[in-house]
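Starting from the known structure of chain A, arrange chains B, C and D on it as the hints suggest.
Protein chains in written order, with my numbering: chain A, 473 to 928; chain B, 473 to 928; chain C, 473 to 928; chain D, 473 to 928.
Among the clues, some could well be false.
For identical chains, the list gives no copy identity; a pair is met inside one copy or between any two copies.
20 angstroms max Cα-Cα, derived EDC-like pairs, lysine to aspartate or glutamate [to be verified]:
id	residue 1	residue 2
1	LYS486	ASP547
2	LYS751	ASP803
3	LYS486	GLU549
Since the hints were made in silico from the structure, they are not lab data.
Next come the chains, spelled out residue by residue.
Number of protein chains: 4
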Amino acid sequence: MSRFGEPQDPVFQKLNASISFDWRLGPYDVAQSRAHASMLAAQGIISDAERDELLSALEEVERELDEGRFPFRPDDEDIHMAIERRVTELAGAVGGKLHTARSRNDQVATDLAMFVRAHALGTADRVTAVMATLVDQAEAHLDWPIPGYTHLQRAQPVYLSHHLLAYFWMLERDRERLRFTAAQADRLPLGSGALAGVNFATDRRAVAAELGFGSVSPNSVDAVSNRDFVLDLLAAAATCATHLSRLGAEIVLWSSEEFGFSELSDAFASGSSIMPQKKNPDAAELLRAKAPRLAAHLVAMHGVLHGLPLTYNKDLQEDKVHVFDAVDTLDLCLDAARGMLEDITFRRSRLAAAAADEFLAATDVADLLVRRGVPFRESHGVVAGLVRRALDEGVTLSELSPEVLAEYSEALDEEFYAVLAEGAWLESKVSEGGTALPRVREQLAQARRVLEDPAA
Amino acid sequence: MSRFGEPQDPVFQKLNASISFDWRLGPYDVAQSRAHASMLAAQGIISDAERDELLSALEEVERELDEGRFPFRPDDEDIHMAIERRVTELAGAVGGKLHTARSRNDQVATDLAMFVRAHALGTADRVTAVMATLVDQAEAHLDWPIPGYTHLQRAQPVYLSHHLLAYFWMLERDRERLRFTAAQADRLPLGSGALAGVNFATDRRAVAAELGFGSVSPNSVDAVSNRDFVLDLLAAAATCATHLSRLGAEIVLWSSEEFGFSELSDAFASGSSIMPQKKNPDAAELLRAKAPRLAAHLVAMHGVLHGLPLTYNKDLQEDKVHVFDAVDTLDLCLDAARGMLEDITFRRSRLAAAAADEFLAATDVADLLVRRGVPFRESHGVVAGLVRRALDEGVTLSELSPEVLAEYSEALDEEFYAVLAEGAWLESKVSEGGTALPRVREQLAQARRVLEDPAA
Amino acid sequence: MSRFGEPQDPVFQKLNASISFDWRLGPYDVAQSRAHASMLAAQGIISDAERDELLSALEEVERELDEGRFPFRPDDEDIHMAIERRVTELAGAVGGKLHTARSRNDQVATDLAMFVRAHALGTADRVTAVMATLVDQAEAHLDWPIPGYTHLQRAQPVYLSHHLLAYFWMLERDRERLRFTAAQADRLPLGSGALAGVNFATDRRAVAAELGFGSVSPNSVDAVSNRDFVLDLLAAAATCATHLSRLGAEIVLWSSEEFGFSELSDAFASGSSIMPQKKNPDAAELLRAKAPRLAAHLVAMHGVLHGLPLTYNKDLQEDKVHVFDAVDTLDLCLDAARGMLEDITFRRSRLAAAAADEFLAATDVADLLVRRGVPFRESHGVVAGLVRRALDEGVTLSELSPEVLAEYSEALDEEFYAVLAEGAWLESKVSEGGTALPRVREQLAQARRVLEDPAA
Amino acid sequence: MSRFGEPQDPVFQKLNASISFDWRLGPYDVAQSRAHASMLAAQGIISDAERDELLSALEEVERELDEGRFPFRPDDEDIHMAIERRVTELAGAVGGKLHTARSRNDQVATDLAMFVRAHALGTADRVTAVMATLVDQAEAHLDWPIPGYTHLQRAQPVYLSHHLLAYFWMLERDRERLRFTAAQADRLPLGSGALAGVNFATDRRAVAAELGFGSVSPNSVDAVSNRDFVLDLLAAAATCATHLSRLGAEIVLWSSEEFGFSELSDAFASGSSIMPQKKNPDAAELLRAKAPRLAAHLVAMHGVLHGLPLTYNKDLQEDKVHVFDAVDTLDLCLDAARGMLEDITFRRSRLAAAAADEFLAATDVADLLVRRGVPFRESHGVVAGLVRRALDEGVTLSELSPEVLAEYSEALDEEFYAVLAEGAWLESKVSEGGTALPRVREQLAQARRVLEDPAA
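Here chain A stands alone, though its shape is the one from the complex (with noise of 0.2 angstroms):
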């Protein structure tokens, strides 16, 4: 029996049908309702038999799911219906009562929070593989210069492991938000029905507990028309995308014939369709490329919930659509950026050319003065005339004769041309955080002991 007189529009069906895409809940879907059906059989409101008839069927449904042969069938709205109308299927009429003090509301926003905390976690752990293959790569690459760079010019070399574990740092940040998001889908919709409450004397503390959720939410109008885990899931997701377009730019340019830093391996890059001799860096292109598609995500869902009057409206079948595709295309970009990170060669002796350039050492020219009692202000004015100096000249500043030197400033002697020997631009380097080399090893120390970190 139904409210309605005909029968929906083929259209309709298509725009509104949610099945196609939410099928990928079924486990949690299962999961949830093996829980409820438990707290209602605990609670009286069905017996023992009867729960054990539903969790027999949504064993076999559990079954059915895993190995793909659950019998979809053409008029099933979403996966939710497609559940409970198989359930009745196989146990008869008691499926009906699986519904009992549930709605389709609090059951989606249980069924969503749950993949979000477990897609949270999981994409969290592909993100610490990417972080422990930056450590043994920094660790490869301990003691290798390489310019940095700001403004894209040559500013002071530093360690390529400085450079690379700069990722870390990034991918950590990334951790964090991903773990916060996981506790803001901790808290069990369930039990909140359409949005007011049930009728029955339900006990969502033990579904809860069940279900590994923390806590409950503690209004169920906000229950059914939250989905701010959603938010938080879509923003982690990102910035981790825009840490992976960063390092997918970088890896770009360095397999440029210009820089010449690095090259991807053949497993990790594509040829060209008319010219032979093109080796592409596809992975670090697509890595940048991903990005500003997970930003849309972000940027679309808080759209459909602009101006959204309380409590469930349709729009919000819309989160699925991002969720989704958000979690794979990172997933996807995380596990791509691990492989490409583990095969890829560094070119020693390009990086090495490149971080000798002698401008690199301006700063600690500088520097010098300023330990022979110069303002900075004032030494920095110094080192630019030599640069210009050098630069009219066409030649290197360690080939300015100290006559030139003197024109420029009284403090500059011997320890000029001493300065300028390389190497001590970066072990000059000693403050904490710095590219020094001892500073390096305490942060590869401490990376170790972030990656080891158990409660991390």
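Frame of chain A, contents of chains B, C and D only:
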């Protein structure tokens, strides 16, 4: 002396200069310079006398900024250069020593982290003020029924207090996000230099302690490239604004003649230039309207960072445009939301009439059958049939005769009419987080505890 | 033979391959290959016999694609390679000649331009169908009054026909945008090679003519880098979707019990899993919900192109994800909008009652005073005073006595009561484009002309 | 007299008032008021004497605005009310007649349409200036080879002129978009009143003619709700900014020591606060950085309009924030792009050295085999094998001996070495739109015609 031979083009200066907006970082820049100078002296990099001269000049700069008489110059490119220039005017050549062991790159990251931390916490306080207003209004309208809606269709009645508290919990999550942001901005970038660390034995932890940072950034390359805390603030702000947009949209709806549930005070409404009868809920409309702007700031910042090679690039200058407007817009919205909610009038009779719509009790009738042993899915069908019969005959549910009821189910007896007697529909929602009054009172107590928790 | 020594990593393949979505370009790829082969033969680059073998294989490929029996292989990276591979299987070694004087770069740009042009025009046809439905409904409800709203407050009454035609003109502008898009996709990229042009004396204009392009791209570097026509399609789609979101939001509102202006047919609504009385306007909600997704595709594509060096980069592969989903989503929304509008029922009595609200005549009363010589700003104040008096006394405007009127203005005589008699408020809006019936009839005639214009 | 009993709250005023930004509409508001007053008199709605008083006061207002001495007041809510207030101060009570047959709703839509049209065309002129600079630079660097890149890997050489002209055609499309926008803003909203038309026999076509609009809006409800032309301007601006971001990104790349292809003039670069040697391409970085802001304005405006019921809602006030900043930002970027391009220096020797990389001729070698009858796909494999052999042996292609060549294909004879002789690789790209000099000269002539076309 400069490396450059020609002056900057005026068009380029206009594009390049950030002083027109980054003057807001002034107080943070002074504070960090003070801490930096003190540390330089403590480490023997400058003398105590030099430090005192610098601190004295910085004190004067602070007064000038406070009192709006800081002498900005047309060629001040940014606030950092303006302050250093002014310190040198006030203190003489020693002013040139202030930038020892520091770069604009770590300096601007530090100012911005300080700004983000301070504003995240300041905005959280404004959120708290709105939460307190919601609790007050919930207490004042504890037992006023209002229809709860799904799909903007009347679904089940709730108490107005319960509905208002839904926003309380949204805002509580906003505070969690803002505090997470503050924690993300709690690692001191200063001391990272241009990108590689600095050539001096500095004490970054002393600077962190003086400025109230919890720790120091572990990697200098990351420290000057990192704007994650900006993304975190923008994400938190966008979510909060999206919450306010839902509140605004509901109040616009409730202010319509058709709903007639509430009326804004004259202090938060405005009239029409042409239609003398109009009273428009502008404050609520603007709460709705601002959310896309906040989400846009977030997606723009992701765009700025997209594919950006390490470390500092001029692109990062865009961060301030977005974060300043985001903070200002959200703070204004929060203040307006608080004021609007304090003054709003609810119309008890209109709310009561709407909440008394008998169709709102359909679930309760279905649950009555459930208690008689009918599986929920079957009872849902029975009641759907009754609803259709009532609609077809143009009567209310309680006007259906016992004979008609019997056509649909044997289990429908006199209690059917009892259930339809108003009031019970709310009080029967006894589940935790539900709308029954004892549950709302529990929730109010929980909300009060949240507000009073000093650790929160 | 390959430049590469190792196979691709499976994770990379998954990230890199586009065949899972770009198979949709198949028909366009076959068509362009056919035109390309014909041109190669006409120019003497391949022989006529070779052309015939290629054309014959392409014909078979087309049949296989049409009939869903094209033999895709796991290692097909994209549709272009899959088709070339299949042509070679069917035709033998001559298949290897198909890619003469062509690169995947100009090939994919050509396929995509063909797709965009075809879909821009196809979507425009769907827009036309909705426009025709709106005209039909406007004619069917020509003189039904409905309140016009500003700020969701009743403002002035209009005819429902006039309100519905507002959407007609929005959609007419959408058609203009879609046609602009088609024009932007009308320059043939093929023949630009990888980026520099090709080493053969090709005839690009012949290819353009065969494929229906209006001109050839003037610069090969731009031709393979250009995705402006994708941005144009996404912008047009986003604006159209935003229009539909406004329509959807209004119908959600009108479907509420409080407004009660309209009811969707059962074919475009759905029920509740728990509340048997519910009839939810899902179709309208989903029209509202989809707009942010379209806008997100647009912003994502801007993100992909942001800062991307010329010419082709793998990032461009993301274009298809966005354009395919945008087209599918919008087309489905347009079809649903048409169906929903065809079947919708308006409730004349509810509309009439709302539109008879006397306050809606306030402007008319003010204009009465204007015609008596009172400056509008002053007359606006007089009527505002009357409104406040009526509200304070809890009466309607027409219940105010002549004595009360006299307190506010001498110019208020018997005609005040005449103006308040319903109906005149609509017919007095005689300005061009206004709601007076003769004006609406003019507008309907104009709309009919727009629909019938073959050039439009 | 007012409908309201209480003054507005200061927080609400701050949120509500738009005068802080909409003062920019002042000149348009004066112009439309002038046209409106003239029409009112011509239609006999006000007297000629009243018109003259109004026009005289408007003239004075215009002077005050021009000269920066318009007396704004703290309680001016928006520019429309400020101007009407001032007109009344200057002209007396007749000022109150200016708003006859007009509403702020059609008034603001008209001002904004005028602003959008004027700025779309003004920005198009700035685009033209950049296009002219590109043509000049292309002519100045007609035959300078530069490597063309795909995937940022050297692919095939092109002439610098050809590469620069790619941007010319992007910008030409931007002009088309801006002109489309101007056409979309060419329908006069004024005369639509609040939403329903007005109670007077106005002559909208006369007003349109005086203000330079091509037609009048056909539907009053749509006219006051419509902000499509704002979306069109923002879409056009975002695409243009995205083009400039690609230009900026390339120049950043080319300015690196590693590429070394170009150098910005000192007038468009800046130094470092700490590193004296640095010359940073800030102008180019900022061109790159601004695009996400423009795209964000577009997505924000879509957000504002999302789900907004007709007709005017206060939300629309947000339109100006976005459109003003978009116009200002883009215009500044265009001016900076022009200046930067006028002054940029290209380094011929670095370009030539990079473009002489023999691997860039791999396609030409493959095409040599094609001309010998080898199918392209096979010849591509042959050359890929040669490339791998050369890489493995650490030699260039031309250092491979005839004996080695013979191992790969019989068709490889002496012409192999001839093809590898530089120069031919560019001149062989003879297809229309290709980089061969005669083709580039054709293209330059076409570009000149586009620039000189007065109709364009």
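Quick rundown of the hints versus the structure:
In this assembly of identical chains, LYS486 and ASP547 lie within 20 angstroms of each other by CA distance solely inside one copy; the values are 10 angstroms within and 32 angstroms between copies. In this assembly of identical chains, LYS751 and ASP803 lie within 20 angstroms of each other by CA distance neither inside one copy nor across copies; the values are 25 angstroms within and 39 angstroms between. For the identical chains of this complex, LYS486 and GLU549 are intra-copy neighbours only, at 9 angstroms inside a copy versus 30 angstroms across copies, given an alpha-carbon limit of 20 angstroms.
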